[in-house]
Every structure is written in C-alpha cells, then in structure tokens.
Amino acid sequence: MKIAVLVKEVPDLEAHVEIAAGGKALILEKKRVLNYYDEIAVEAALQVKQSIGSAEIYAVSAGNGTGIEALRRALAMGVDRVIHINDPALEGAGPLVVSQALAGLVKREGFDVVFAGKKSTDDEAGMVGPMVAALLGIACVQGVTALRIDGKDITAKRETERGTETVKASLPVALTAEKGFYTPRVPQVMGIMKAMKAEVPKVSLAEVGVEAVSSPQVRGYNRPKVRLPVKMIEGAASQAASELVRLLREDVKVI
Amino acid sequence: MHFGLTEEQEFFRTAVSDTVERMIMPHVEKIDETDEFPTELWKEFSALGYLGLRYPEELGGIAADPVTSMIFYEELSRGSVGFAQAVIMNTLMGTHFLYRFGSPEIKERCLVPALRGEKITTMCFTEDQSGSDIANTRTLAKKVEGGWVLNGTKNWITNGPIADFATVLATTDPALGMKGLNFFLVEKGTEGFSPGQTIHKLGARGPVTGELVFVDVFVPDENLLGEEVGRGADYLGEILDEVRCMTGAMALGIARAAFNDALEYARKREAFGKPIGEYQLIRAKFADMATEMEASRLMVYQTAWMLGEGLPTRKIAAMTKMFATETCLKVVDEVTRIFGANGFAQEYGPQRYFRDARFLLYGGGTHEILRNFIGREIVVGR
Chain S
257 MKIAVLVKEV PDLEAHVEIA AGGKALILEK KRVLNYYDEI AVEAALQVKQ
307 SIGSAEIYAV SAGNGTGIEA LRRALAMGVD RVIHINDPAL EGAGPLVVSQ
357 ALAGLVKREG FDVVFAGKKS TDDEAGMVGP MVAALLGIAC VQGVTALRID
407 GKDITAKRET ERGTETVKAS LPVALTAEKG FYTPRVPQVM GIMKAMKAEV
457 PKVSLAEVGV EAVSSPQVRG YNRPKVRLPV KMIEGAASQA ASELVRLLRE
507 DVKVI
Chain C
948 MHFGLTEEQE FFRTAVSDTV ERMIMPHVEK IDETDEFPTE LWKEFSALGY
998 LGLRYPEELG GIAADPVTSM IFYEELSRGS VGFAQAVIMN TLMGTHFLYR
1048 FGSPEIKERC LVPALRGEKI TTMCFTEDQS GSDIANTRTL AKKVEGGWVL
1098 NGTKNWITNG PIADFATVLA TTDPALGMKG LNFFLVEKGT EGFSPGQTIH
1148 KLGARGPVTG ELVFVDVFVP DENLLGEEVG RGADYLGEIL DEVRCMTGAM
1198 ALGIARAAFN DALEYARKRE AFGKPIGEYQ LIRAKFADMA TEMEASRLMV
1248 YQTAWMLGEG LPTRKIAAMT KMFATETCLK VVDEVTRIFG ANGFAQEYGP
1298 QRYFRDARFL LYGGGTHEIL RNFIGREIVV GR
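As given, the protein sequences belong to chains S and C, one line each in that order.
Residue 343 in the numbering used here is what sits at position 87 of the first sequence, and the numbering runs on without skipping anything.
Residue 971 in the numbering used here is what sits at position 24 of the second sequence, and the numbering runs on without skipping anything.
Heads up, some of the hints might be wrong.
When the alpha-carbon atoms are kept at most 25 Å apart in a straight line, the in silico BS3-like pairs for lysine-lysine are as follows [said to hold, decoys possible]: (1) Lys305(S) with Lys435(S); (2) Lys280(S) with Lys1215(C); (3) Lys1054(C) with Lys487(S); (4) Lys305(S) with Lys450(S).
Simulated DEER-style distance windows between Cβ atoms [to be verified]: (5) Val469(S) with Leu1258(C): 49 to 59 Å; (6) Gly278(S) with Met972(C): 51 to 61 Å; (7) Arg1305(C) with Leu269(S): 52 to 62 Å; (8) Pro1051(C) with Pro457(S): 38 to 48 Å; (9) Ala493(S) with Glu954(C): 53 to 63 Å; (10) Glu1004(C) with Ser426(S): 20 to 30 Å; (11) Glu976(C) with Lys509(S): 36 to 46 Å; (12) Pro472(S) with Leu1258(C): 17 to 27 Å; (13) Arg960(C) with Arg479(S): 27 to 37 Å.
If we take Cβ atoms under 7 Å as the criterion, some of the chain C residues that face chain S in the derived model are [stated by the list, open to error]: (14) Phe959; (15) Arg960; (16) Met970; (17) His974.
Hint data in this document are derived by calculation from the structure and do not stem from the laboratory.
No residue lacks a Cβ here, since even glycine has one placed at the ideal position from N, Cα and C.
Put together the whole structure using the sequences plus the hints.
Below, the structure is given as structure tokens:
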C-alpha cells in the first residue's frame, strides 16, 4: 500500500504575531512547525502501516522555501520519504494552486490513501484535503476520528454537530484528520538525527504539471475585539447568583 | 567566521524543544513541588533515546558532537533543571568513566542499561570537607587481594539515594593529594554501600540528592575505572571542560525560560493604561538581559565547538561556566522584578527560576575557585 500525507508548515501557535503598519501583512516570529492536524495525519499513516504490516508512506509539502521543517518533522516521526514542491510561484498561493500542486505530485508518485489534516492552524481554510481529492477524482472523508481498513474497503468515523457518522468507502480514498483521531508521537532521537541529515528532494510546479494561476489576495488584517476581563464571583451559590444578576443588570446592562 | 547553528542543528533544537514542551513542561510544577524523582516521566523520556546522546551507536548512542549536546542540555534545562540534572547524570558524568575504562562486562551490565534509562547512575565527588577541593578527598580505597575496599561518606550526590550504580572518587592515600585519586564503580546491593540522609534543596528539585555511605565496601579490580592507579585527576580533566560548558548551557536554558516568561508578561500586563513592556525602564531590563544572554550563548557554543575540534578549553570553559551562570542569576533576578509582586508568588514561574539558577553556582567549581583559576592562568600562565 502506498500512503501519501499532505503536510503544511505553519507558524508555531506560541509565535508572536503582529499586524504590519498599513494592515496588509503579518509580522510573524520565525518559529515554524508542522501543522498540528497534519501531525495527526502523519500519525494515522504510521498507525495504518503498523496495522497492515507493510506500506510506503511519503509526505509532501508545497511552498516557496517553506515546508522543509514540516517535512523533516514527518521524517523524524517515521515516514519513509518526503518531497518538497518548491517554487517562487507558490508565494502567497491560495488553496487551489497548492491543491493542484499536491494532486499533481501525488498522481505522479502513486497512492492508495491520501491523508491530510482537517485544516491548518494558520489559515484554517480546511480546503486543501477535499480539493486534492476532487482533483484526483477520489472520495474524501473529512474530519476522521477513527479508521478501519479491510483490504480495499475502509470504514471511517467522523464527528458532526449531530453526532458520530460512520462512512464506508473503497480505496483509493482521501482522509482528513480531526483532533482525537490519534495523539501524534514525540519523535525518537534516532528519527530526529535521520531527519536532520536527510536530503529533501525538491520539484518545481512545472514538474508536477501545474501552471501558476492567480490566488485570492488578503485585503487586510484586523485584531479581534478585546474581551472583557473575567470576573469571579465568590461566596455561596445563592448569594453569588444574586450578585451575578445585579452585575448583569447594573454593570453590563444586558438584562 | 560563522557563528550560527547549521540547518540540521536548528532542526535538532526545534525537535528537542518540542519534546521538552510536550513531555516535560506539563510536569514541571509537580516535580518542583514534590521534589520526588519523576519515575514515569523518566521512563517515557528515556524511551526516546536521548540518554546515549554523546556515545557511539554500537552502545545505543548517536555520537552527537559537543554543539549538539549543548543544544540538548540548554533545551532540557529550559524545561526543568531538576529533571535535566537527573538526565545529564546518565548522559555524561555518571557514565563517562565506564565508557572509557569499563570492561565489556561492565559496559553490558551497567553502561548500556544506563543509556537506555533502565539503570539510574551518579557520580560521587563531594564530601563534607571537600567539594571543588577534590585533592582533600577522604574516602579511602585500600588495595586488598583481588580488589579494593572503600570507606567514607559522599555528600550532595544527585540521584544518589536511588542510583543503581555510582562512579566514586576515592583516594589511595590522602597525603598524595591529586595524585592519590581514583574512580571506582560501585553497584547497588554491594555489601556496605548504602544511602544516607537526603538533602532538601532550595531549587533544582526532582532528582533525589543526598549522602552515600561506604563501609568496608569491596569491589573487584575491574571496578577501578582507569588504566593506572593514581591518575583519577587526569581522567577527570577529560570531561571537566565539557561539564563546565554543559553547566553554562543549563544556565542559558534557565535564563531563556525566565526571559520568555517575562517577555510574555511585559507584553500583556498593563500599568497606568499601557503594557509595562512599553516603559523605558522595563525595556532597558530586556535590553540588558538579551545582550548578556547573547554573550553567554556565544561563549557556550564557541566552547562547545572548540571541544569538538579538540582545542585547549580549560580557561574558556571555566569562563563560560562562570559567565553564563552569573548572567542567568542576573536574569532570574530581573525577571522577578518585572513580574512585580507576582514574582514572589509560588503560582508563577519566576520564583522557581530564581531558586533553580542558584544550583548552578556550585557544580563544576564555585565561582571563587574559577576566578582564582582564570586569574592565575592569565597572570602566571602555565
């Protein structure tokens, strides 16, 4: 079985973020990591390999110079090989261009299962997984929290607002990973050393059959409104409830 | 000249840092509060294979160069200096002499399991009357038929009360001073070898620290860790600079942790209508701390690079340990001031950094001893 994992490099959730003067760009602290949902996808691929005995797992990322750290992390976790689609035309590229690039590469390399994170923790668009599936013409199950593979058949569970949905599909298939699917492993030092020394092969957009197309442009960034500080009300429940009503009526004026 | 880390070393740093944040940080407060050895965390962390860091692959290590090792020590100490202390005992001081001089059986029985974390180890220097002054060691090793008999008491032994084996410094004759010193392997369960009192420490809590008592402890000849009797001080010289550089890296780690907490606090905490980080006097603190930490970083990694190149490092390693530790002490002090009264509260990190940093003053030589040594090197030369 051949398993492709689509990964993205994102700013660390702890990284300091500022909006540049003019509001058109972000200034990000240079702390970049593998997207957490993609880590879950990598873990899922490794679990599938372990359960079926043998499989080849490769991870792929697309970006203009970004993606190497994410791919090294995937290598450290245990994927067999990685490929980086590196092209200046990917600078600021939207989900469609990125999906075309990833789909082009995955088609070239071959696949039975394509894993991706449900979304990235920076843009949170959640489009690349389903778009790649559409471009490849295969089924896609989004937000997977459990998976069983029996030969060519898969059974996946996904959480919806109304409860758990059980989905059956046949290979080849694309699956996007949701929190709770697996806890990503902390890499062993041997894996880290292997990843440190690995040469990461690079291909261009042209090599995966993609001509750059225009991408949506961000018009501006605004900070979220500042939330009012939390106020803890001490004391017995009945007194606290009275105080809460008083505050809602007199201070916040919502009742 | 190139002063940066390679892309690979940066990746290693990120990976270790991430491991520390996911695996160690959630336990930091509990380790400090209980001052108990975190057995489960030890097992989980050991399984990742870091304990063999500086040893060859055939022993389960990864043959990391000193720069890579310092990255590891720095990041680990950024998480928990107590836990780092226990780990580094297995990684460096407690295993080095077994690696250098242990028989194949000793390596198989003690070294390899220690590098897997299956055995906990320690190194015993300090006694009541001797610390940095190792020539004053009183633990006596007497030659007998087929081996040695050890008598004495060691103090301030990290992991001591729970160690499975110890590398013990003892003298064949106190009158010989440095020329009487030797290292011996003593394993748990050996008759006459027992833990004594446990020390309740101000900081660097977690690893159990205390006395080890030796009463007529017989060890066979192969447990003398050295090629010749009386060369223990020379052998110690092999790792002294690495130990001092490592202490500098630990100091840098604590300083970074404290600095980062303070930075986050200064950006958020408001006084008189704006974040305190916007006031000049607070910014000056950050400017001074960052400048001195940058100097520490350069010294630690320059020394590490020199160690890797096999260059003479006795003076620069002493300077590095002293400067990085003194910088760390300044930083943790400033950070408690930036936090205001919260810096005095157990619920916030600064008080822990403040206590932990002081631990680094003693190991690898007190700063009084190091200043004396550095000054002598400069004025008198060798």
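Comparing the hints with the structure gives:
A C-alpha spacing of about 20 Å is found between lysine 305(S) and lysine 435(S), which places the hinted pair at or below 25 Å, so the restraint holds. Restraint check: the Cα-Cα separation between lysine 280(S) and lysine 1215(C) comes to about 24 Å, which is no more than 25 Å; the hinted pair holds. At most 25 Å may separate the alpha-carbon atoms for a hinted pair to count; lysine 1054(C) and lysine 487(S) exceed this at roughly 60 Å. A C-alpha spacing of about 19 Å is found between lysine 305(S) and lysine 450(S), which places the hinted pair at or below 25 Å, so the restraint holds.
Between valine 469(S) and leucine 1258(C) the C-beta distance comes to about 55 Å, which sits within the given range of 49 to 59 Å. Distance hint check for glycine 278(S) and methionine 972(C): the Cβ-Cβ separation is about 37 Å, which falls outside the suggested range of 51 to 61 Å. For arginine 1305(C) and leucine 269(S), the hinted distance range of 52 to 62 Å is not satisfied, since their beta carbons lie about 33 Å from each other. Taken as a hint, the range 38 to 48 Å holds for the pair proline 1051(C) and proline 457(S), whose Cβ atoms sit roughly 42 Å apart.
For the hinted restraint 53 to 63 Å between alanine 493(S) and glutamate 954(C), the CB-CB distance of approximately 58 Å keeps it satisfied. For glutamate 1004(C) and serine 426(S), the Cβ-Cβ distance of about 44 Å falls outside the hinted range of 20 to 30 Å, so the restraint is violated. For the pair glutamate 976(C) and lysine 509(S), the supplied restraint of 36 to 46 Å holds, since their beta-carbon distance comes to about 40 Å. At roughly 55 Å, the beta-carbon separation of proline 472(S) and leucine 1258(C) lies outside the given 17 to 27 Å, and the hint is violated.
Between arginine 960(C) and arginine 479(S) the beta carbons are some 31 Å apart, a value that agrees with the proposed interval 27 to 37 Å. Against a cut-off of 7 Å between C-beta atoms, the interface hint on phenylalanine 959(C) holds, since the closest Cβ of chain S lies about 6 Å away. Below 7 Å, beta-carbon pairs count as interface contacts, and arginine 960(C) has none with chain S, the closest being about 10 Å; its hint is therefore violated. For methionine 970(C), the shortest C-beta to C-beta distance to chain S is roughly 6 Å, which falls under 7 Å, so the interface hint holds.
The interface hint given for histidine 974(C) is violated, since its Cβ lies 14 Å from the closest Cβ of chain S, which is over the 7 Å cut-off.
Of the numbered hints stated above, those contradicted by the structure are hints 3, 6, 7, 10, 12, 15 and 17, listed in ascending order.
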